[in-house]
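Q: In the order they appear, the protein sequences are chains D and X. Residue numbering for the first sequence follows the numbering used here, beginning at 1 and increasing consecutively. Residue numbering for the second sequence follows the numbering used here, beginning at 1001 and increasing consecutively.
Hints are computed from structural coordinates only; laboratory data are not their basis. Glycine included, every Cβ here is placed at the ideal spot set by N, Cα and C.
Pair by pair, the computed Cβ-Cβ distance ranges are: (1) X:GLY1413 / D:HIS30: 48 to 56 Å; (2) D:THR2 / X:TRP1416: 42 to 50 Å; (3) D:GLY55 / X:ILE1202: 22 to 30 Å; (4) D:LEU67 / X:SER1407: 46 to 54 Å; (5) X:ASP1003 / D:HIS30: 51 to 59 Å; (6) D:LEU81 / X:GLU1367: 34 to 42 Å; (7) X:ILE1202 / D:THR2: 17 to 25 Å; (8) D:PRO54 / X:GLY1419: 49 to 57 Å; (9) D:ALA13 / X:LEU1112: 38 to 46 Å; (10) X:GLY1073 / D:CYS16: 28 to 36 Å; (11) D:GLN97 / X:ILE1005: 50 to 58 Å; (12) X:ASP1003 / D:THR91: 52 to 60 Å; (13) X:GLN1475 / D:VAL94: 48 to 56 Å.
One-sided and incomplete, this derived list gives chain X residues near chain D with beta-carbon spacing under 7 Å: (14) PHE1134; (15) LEU1160; (16) ILE1167; (17) LEU1171; (18) PHE1179; (19) ALA1186.
Residues of chain D placed beyond 12 Å of chain X at every Cβ, according to the derived structure: (20) GLN3; (21) ILE6; (22) GLY55; (23) PRO56; (24) THR57.
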Amino acid sequence: MTQIEIYLLAGAAMFCIGLYGLVVRPHLLHKVMGLNVMAVAVFLVLVSVARRVPGPTPDALPHAMVLTGIVVSVAATAYSLALIKRIYTETGAVTLQETDDDA
Amino acid sequence: MLDLIQPQLPAITLAVLLFAASAAFLVRFERARAIALVAAGVQVVLVSWITWIVVGQDRVWVYTIGGWGAPLGIDLTIDGVSAVMMLLTAVVGCVVTVYSAGYFPPKDSYRLFWSLWLFLWAALFALFASNDIFNLYVCLELLTISAVGLVAISGERAALFAGMRYILSALAGSLIYLFGVALVYASTGVLDFDLLATQVSIDPTTQAGLALMVIGLLLKTALFPMHFWLPPAHANAVAPVSAVLSALVVKGSFYIIFKLMHVFTGHEMIPGLAELMGILGVCAIIWGSVQAFTQKRLKMMVAYSTVAQIGYLFLLFPLVAAADDIQTAVLAASAGLFHAVSHGLAKGAMFLTAGTIVKAVGSDRLEDMAGLSRLAPIPAFTFAIAGVSMVGLPPSGGFVSKWLYVSSAIETGAWWWAGAVVVGGLLAALYIFKVIALFMGSGKEPLQVGVSNRVITIAPLVLALMSLVIGVFGQPILDLLYPAVESLTAGMMR
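Start from the sequences and build out the full structure, keeping to the hints where you can.
A: Have a look at this one:
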């Protein structure tokens, strides 16, 4: 197993951990953290993919994708947190299960 | 002057939207509304112009931003299919903008609607013009963030929860898609669709990449059984937002799946993928229709009808895969894309008019709407016309797309898909006619007074009539689709 493959597998494992957290944890903050773990996992995969070219310099394009991805992820996280805060101040709820009476 | 503008049209069209969205963010409600109305009018003109050029020169228009070009730079690529989707966006968008101008009370709490809506529009335009799997990721995220903002804009409890559920599933979908992009890039080293088409080979990494991209997009398109987030988000948003989400936003991720299946020759890459999507589509039609029938709230019913109608879009893939010759494949693909257009117009009309009805009745409960046709005849009539297209009765756009589906199913010999189309039509008739019968019937002394606002009464009617008009005069749309679809479907057949 090469070094890149170890990193790739670590990325895939992290992605699954994040997805598990997103699906299983009821608390909204945990769900957003799960999404963040998933995002970082994808970035790890991209950075490892960048090393697949022979020679000392890695491929720059995946790095650019990671930078763009970080910007998107920051914006999405900030937005989710603002929404959670609003939900908490309006209703006092921190999970989605507390919505059942709306249906 | 025109000669100077024309080569830059795709960039100008996008820039107009982005500029208007930023400007609308800075000013008060009335100004923002004026900016949006002007931008919507300009969009219709510019997109029609783009379409006219694409048709007239019979080509794919590639615009390289800053002159960099693929693989480094960003290209805007407009072919017949994207031109049709852009036209749909412009038409529905223009009507929604006019409707919103009459719908929202001029309060600054709704000020941000205009900015978010224009950003969403810009994201859709960029999405339909993108030709690169990573750019599409960025477009999807722009679309998600503005769409979630719009869902939550009323600040009501149900809308906030629906927006939260929406953003969690949408971001998960985007990240699954991005994981797929990373894997595809690892095995091919390119992102651009045209380069991918030449580089792609069947190997485990690419297969896993395509599978992840498709799963992420199915989650975003809300195909059964990944539709759980859609009904609350679409039903609890304010009416213009529901219309945009159902008519346009779900079509965005569907359009990407369509392009992916072409570029990756998806049927060979992952055997059975096309049939799986078709079967899920059939399940969506049945489940969505049954759920729509049992709903007690009007907007919830319309939202479940969207779940069902999304199912029809996915019948495209097994039918194209089963086609023996290119004509049949083109027929099947055109049926799916035409359905996207006719559903966009009809569902846009239905959600807008549902908003008008809810305003008139003062409640979203179906039982409060009995006898509506006497108090608010035009909204009830609009609902019926849009319903005709949803059921697929002639002469409506929905009829044309179902007709094309049935013909291609019979020509390929895969007639059982035609059965799904017919059963879906019958089920749609059940839930639509149930509501219409309720409107026509007599109710207990109901309701608030009818609708006084003429804009929100007439705007949905215009859209509903358009869904009829394309049933009778749909040929230009098909003419626009055919050449583009012909080159796209070649890669999707077995």
